[in-house]
Each structure stands twice: as structure tokens, then as C-alpha cells.
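Chains as they are written, first to last, in the numbering used here: chain C, 1305 to 1627; chain V, 18 to 120.
Simulated from the structure, these hints should not be mistaken for laboratory data. Certain hints may be false.
Ranges of calculated distance between the beta carbons of each label pair, as one might list FRET restraints [what the hints assert, rightly or not]:
#1 Q54/V with L1334/C: 21 to 29 Å
#2 N1523/C with Q79/V: 25 to 33 Å
#3 Q79/V with S1478/C: 32 to 40 Å
#4 E103/V with R1481/C: 40 to 48 Å
#5 R91/V with R1481/C: 24 to 32 Å
Mimicking DSBU-like on lysine-lysine, the simulated pairs with C-alpha atoms at most 35 Å apart in a straight line are [claimed, not checked]:
#6 K1544/C with K1485/C
#7 K36/V with K83/V
#8 K87/V with K1359/C
#9 K1340/C with K46/V
#10 K1340/C with K36/V
#11 K1431/C with K46/V
#12 K1485/C with K83/V
#13 K1526/C with K1544/C
#14 K1431/C with K87/V
Keep in mind that this is a model prediction, so the values were computed, not measured. Even glycine gets a Cβ: it sits at the ideal position worked out from N, Cα and C.
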Amino acid sequence: MIWFGLCAVDNLTIYSGDAKDAFVHSPSPLMPTFMKLDDAFRNWYLEQTGVLLDKDLVLPVLRALQGHRETARLWEEHISATLNDIGFKNTRHEKNIYTGQFCGKKVLLARQLNDFALGCHQESTAKSVYSNIGAMRALHNEAEAPSEYLGLIDSFDGYDVLQTRDYIKLSAESYIRRLLKAHGWDNPSPQESSNKPKPPLHKSDVANLFNLAAGPVENAPKHKALEAEQSFGYRSVLGKILFAYVLCRPDIGCAVMTLAKFSTAPNALHYKSLKHLAIYLRQIQDWGIMCWHSEPVTSLPEVRCVPMKFDDSLPVIPPPSHL
Amino acid sequence: MSPRLTERALLCFSKRALKCLPTWDLWHKNELEQLDQVKALGMFGLPIKLPNGGIPMHFHWQCRIKVNGKQRSRLCWDGSPRAAPEEHSATNAHVSCLEHPMF
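Taking the hints into account, I'd like the entire structure generated from these sequences.
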């Protein structure tokens, strides 16, 4: 998240890229490894060459493949060396964040396994960097570079990213939508009288959450009955909502931490409050964290920021004065 | 129930279960595509007898339905401790994620 903030302060535009077949392009494990043949491979080999292979034969493994313990390390070392050769230097404590200079201008790069986010001033710089990454990773028998330029970034590492002239907004909208859909909470119920968002926890419920007797202990028959009655697992939904909080929803932090205290023995009110929290997220799915540019980036579209709040007594935080 | 729904109702996309479905052809086609791809990338050498001291691994087909609805069979190694105990005891999976500052 801080990386997006740095891009915003430096007025960089963020472009997305992807390394195709990441592991396959990494070198082979240090220890010689061999694959036993399965029926699918033997049948495919028979179709290709007309030879039915003996089951006792093995295939020497020449490249890394998912499932091997060393694969992640091999990829990490391979891509770090590649980016280093191109001119990027990673930060000391966050190894997946890189800085570099291209055409005399500062460029920031964030990497999540094989997904890249590149903050730069010109689109041509992004295309050139991704092209270089592809060229460096290409195998000798590959005609097409295994790297793809994906244009302006709209999602990265679980975030939804909205880039506008004045700010970069990080939200968990897609994630929240999927969460709600999985539990059938994606459509407002007829009982919901107002569209105005309510606080994450009802003020009237907060004291009762602590004062009422604890519910049945986990795995007890009564707990299972309560879970079946509520039609969702307390820990399951809490964990999903916790991820939204960690991503970019500090507004639900207090509610999540409060409800987490009752995970081992939730009662009906705890279930109700947790569902209410999910409904709160539904009402304001697109809330997130805004990183303001220090100067307007004119190449990006202007999208007005409408401050929203669930309590009229709270002050509205205005955009930075220079904008 | 339609073949797609039957497929989605499976708890685990094991090959044994998928082979019983009418959509198996799609999975199988993807399997062949994957093998063609690894061949093109030079993943494996020519078949040989297992040398002395060599660690044998097993294929594992990871079958998933992607977000776009396409069936995806991905070729992996079965790197579980049960399937490859020697590999677990002998390999180094450590990646330094933190370099301590030198004073």
C-alpha cells in the first residue's frame, strides 16, 4: 500500500504486467531430479512418436515446475537477477519492491510473484521495461517473449486500483462482492429501509456483545445447530472480512477485532453483528484508501471524489489544498 | 443436472472423478496442450533409466476451473513429503526475505 502512496506522491502512472509460465522459465533444481512416467504422459508420447515407453523409465527434469520445494526459491532468484540486470534495485526489507532509473527518470516496480506493477511517467517506459523483462527471460527456443504488458493497472495483489487525475484509490470492491455473493448477501433485502450506510457495529449492541452469556463452545452440538440456523460459519465469515480489513478497510478494524474476541463461543447476537458487518461492507463496497497526487496527472481521467460517511456528526476530510 | 453443474458439484477435481464426467474430453484436451507446451519449453530430457542416487518424483495433475470458466489441467510435481521424502530431506527451500543491515 505504501508503494502506491509513493507512486502517488511522485505522480507516477501505474502499468500492469505479467510474466507468463514463471516457474517453467526458472532454472532446474540443484539436485538432479527425475519424473516417473504416468499414463497420460505415456499415451501422449505414443501419439507423438509412436513409441510406448516402459513404466520404469524416468524423465530428467531440466527446468523448475510447480510442486517442487525449490521452485519458489529458484523463481525468486531468477527474477531478482533478471530485474537487477535490467537496472532495478530492490529495497532492503521488502524484496519485492524495486527502484530504477529509465531515460533519466525514476521508476518504481512492485512484484507479487509473477505479477508486476510499474510506476512511471510515460507508457512507453512501461512497455519498454516489460519488453526487456520478456527478452531477458525468453528461452532460446521461444519465439514469443514470456512477458505481457497489460496496460493501466486496475487490480493488484487483491486490491482494486482506480487511477485518476488527482488520486489513486485502493479498494477491496471485487473481493467484497465475491464474499457477499458466496453467502447470498449480494442483494439488499426488502427490510433495508435506507441506503445510508450504518456504522459497522450497532451502538446498542456493543455493550450486549460483551455482557450477554457466551454461546455454545465450538464443535458442541448446540454450536453446530446455531451455525446451521444462521447458515454461515462464524470463523469463516470473520476470516473473510478480516482479509478486507487487512487489505484497505481500516474503518472495520474495531468491529473485526471486537467480533474476533468471540470466535470460540459466539452467541446469536455475535452472529447477527457479524452479518451486519458484512451488510455494512455491501453498502459501501467501493470505500478504500485514497493516495493523493502531489500534482494533477493530466493523462488520467478526472473522477470527482465524493466523501461519504455514515455519521453526520463526523467531519469530512477534504482533499489536499493544492488540488 | 447439466454436465457443468455436475462438475462444479465435485468436492475435489481428481482425475478419477473427472474421467466419469461428460466434460472429460475438455480436461483431457487441456492435458495434451499442457504436455505440448512443456515439450516446447524443454522441460524434460529424453526418457532414461533412473541413475543411481537420482530422486524420482511423480506427476501430479492439478485440475481447476478458472475464473473465466475454462477447464485447466496443470502439470505439477507431487512434492509432498509422502511422495518424495528424499527430496524433502535434501533440498534447500530457503529464500532470504530480509537482509539484516551490517553495522
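Status of the hints after comparison with the structure:
The hinted range of 21 to 29 Å is satisfied by Q54/V and L1334/C, whose Cβ atoms lie roughly 24 Å apart. Range check, N1523/C to Q79/V: Cβ separation about 31 Å, and the 25 to 33 Å hint holds. Between Q79/V and S1478/C, the C-beta spacing of about 24 Å breaks the proposed range 32 to 40 Å. At about 46 Å, the beta-carbon gap between E103/V and R1481/C stays in the expected band of 40 to 48 Å.
Restraint check, R91/V to R1481/C: a C-beta distance of roughly 27 Å satisfies the suggested window 24 to 32 Å. Restraint check for K1544/C and K1485/C: the C-alpha separation of about 12 Å stays at or below 35 Å, so the hint holds. Note on K36/V and K83/V: the hinted pairing holds, with a Cα-Cα distance of about 19 Å set against a maximum of 35 Å. Between the alpha carbons of K87/V and K1359/C the distance comes to roughly 31 Å, so the proposed pair stays at or under 35 Å and holds.
This hinted pair checks out: K1340/C and K46/V have alpha carbons roughly 22 Å apart, not beyond 35 Å. Distance restraint check for K1340/C and K36/V: the Cα-Cα separation of roughly 22 Å lies within the 35 Å cut-off, and the hinted pair is therefore satisfied. The hinted pair formed by K1431/C and K46/V meets the criterion: a straight-line CA distance of about 34 Å does not exceed 35 Å. Only pairs whose Cα atoms come within 35 Å are accepted, and K1485/C paired with K83/V is accepted, the gap being roughly 17 Å.
Proposed proximity of K1526/C and K1544/C is supported: the alpha carbons are some 24 Å apart, at most 35 Å. Of the supplied pair hints, the one linking K1431/C and K87/V holds, its CA atoms being roughly 29 Å apart against a limit of 35 Å.
Violation of the numbered hints given earlier is confined to hint 3; every other hint is satisfied by the structure.
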